[in-house]
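Go by the hints and put chains P and D onto chain U.
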Amino acid sequence: MTAAITRIGQSRYSPTRGRIVAHAGVLTTVATATKKVPSAYEQARDALNNIDQNLAEAGIDKSRITTVMVYLANISDKPGFNRAWDEWVDRDKLPVRACLGVDLEGDDLVELVVTAALDA
Amino acid sequence: MTAAITRIGQSRYSPTRGRIVAHAGVLTTVATATKKVPSAYEQARDALNNIDQNLAEAGIDKSRITTVMVYLANISDKPGFNRAWDEWVDRDKLPVRACLGVDLEGDDLVELVVTAALDA
Amino acid sequence: MTAAITRIGQSRYSPTRGRIVAHAGVLTTVATATKKVPSAYEQARDALNNIDQNLAEAGIDKSRITTVMVYLANISDKPGFNRAWDEWVDRDKLPVRACLGVDLEGDDLVELVVTAALDA
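Protein chains in written order, with the working numbering: chain U, 12 to 131; chain P, 12 to 131; chain D, 12 to 131.
Here chain U stands alone, though its shape is the one from the complex:
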């Protein structure tokens, strides 16, 4: 019998939350920007880079991403987020995406929740 759930790494912000979980061939991971700078574009690049790193830690890359939920502290930052997204996304492997304005804690401008396929 194999353990069907793989938990990789803690949140960098709390010892009581996970950062990457995989189950039934699907990985879910969450990221914010490491540097809480005032530019949503820069935070977006940073958070997307953290997603890349989380995927790499699980042995996959962004071509396996299936969905991305984008949470912005200011929906007016969507053009800046989109600029970072367009520079980053794998255009042959487009994820389904929704982008919502919500309240985030502290100086976070961007939060991402990503699902990806472990096998493809």
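Think of the hints as simulated: they come from the structure by calculation, not from any bench.
Honestly, I wouldn't trust all of these hints.
The list treats identical chains as interchangeable, and a pair is accepted whether it falls inside one copy or across any two copies.
Dumping the calculated EDC-like pairs for lysine to aspartate or glutamate here, alpha-carbon to alpha-carbon at most 16 Å [to be verified]:
| id | residue 1 | residue 2 |
| --- | --- | --- |
| 1 | Lys89 | Glu116 |
| 2 | Lys104 | Asp63 |
| 3 | Lys47 | Asp57 |
| 4 | Lys47 | Asp130 |
| 5 | Lys89 | Asp114 |
| 6 | Lys89 | Asp119 |
| 7 | Lys89 | Asp72 |
Structure of chains P and D alone, referenced to chain U:
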């Protein structure tokens, strides 16, 4: 070896986002209303209809839906959304649902993120 | 041929929404607090307890949780939510979590959407 991820269609609003993705037997799709009219009830009907069309494009229908995340630009529109939902939902196949007030871009009043089972 | 989707229980708030759905080895469930008291900490405990009950109804427990989406009516309640979370979470089985401030209906201060593995 088969490709485990199926990507169907681009977003109607951007060439860098997908509209439907399927992996491991689960389809995820996103929709807003096509016509950005001022009535949340009308936008809800429109967005739910777009979900129906996306599911049809993947060969399934609303009886296979497992979860629906409902995002409203004004949480006070929830009664109007619920009216459209009650007219639309398959009462023998109730999805799990959450309904949240968030900021949406432009004139969107409703955004939906839906997961469904490809086989049942 | 087996039915791949299992729908357990209606929402306690509406006859047109489900409370627990399972498909492809993954359970999704939603909860708010039963008692809409003014304390976010108390609502968090209550909602997390409702998650426990929903999981139990499906024959599993919180050790199987993979992801938790936390929606707070006031992001400033995050410390109170975290207190309830830290008292509740299985520290050997940390879920991936995101916590967002959104508008909720009525007196709800906390809403949770949880995914869990049916087998592990």
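Evaluated hints:
no. : hint            : verdict
1   : Lys89 to Glu116 : between (18 Å within a copy, 8 Å between copies)
2   : Lys104 to Asp63 : within (14 Å within a copy, 23 Å between copies)
3   : Lys47 to Asp57  : within (9 Å within a copy, 33 Å between copies)
4   : Lys47 to Asp130 : neither (33 Å within a copy, 39 Å between copies)
5   : Lys89 to Asp114 : both (14 Å within a copy, 11 Å between copies)
6   : Lys89 to Asp119 : both (14 Å within a copy, 14 Å between copies)
7   : Lys89 to Asp72  : neither (24 Å within a copy, 32 Å between copies)
Checked against the numbered hints given earlier, this structure breaks hints 4, 7; the rest are met.
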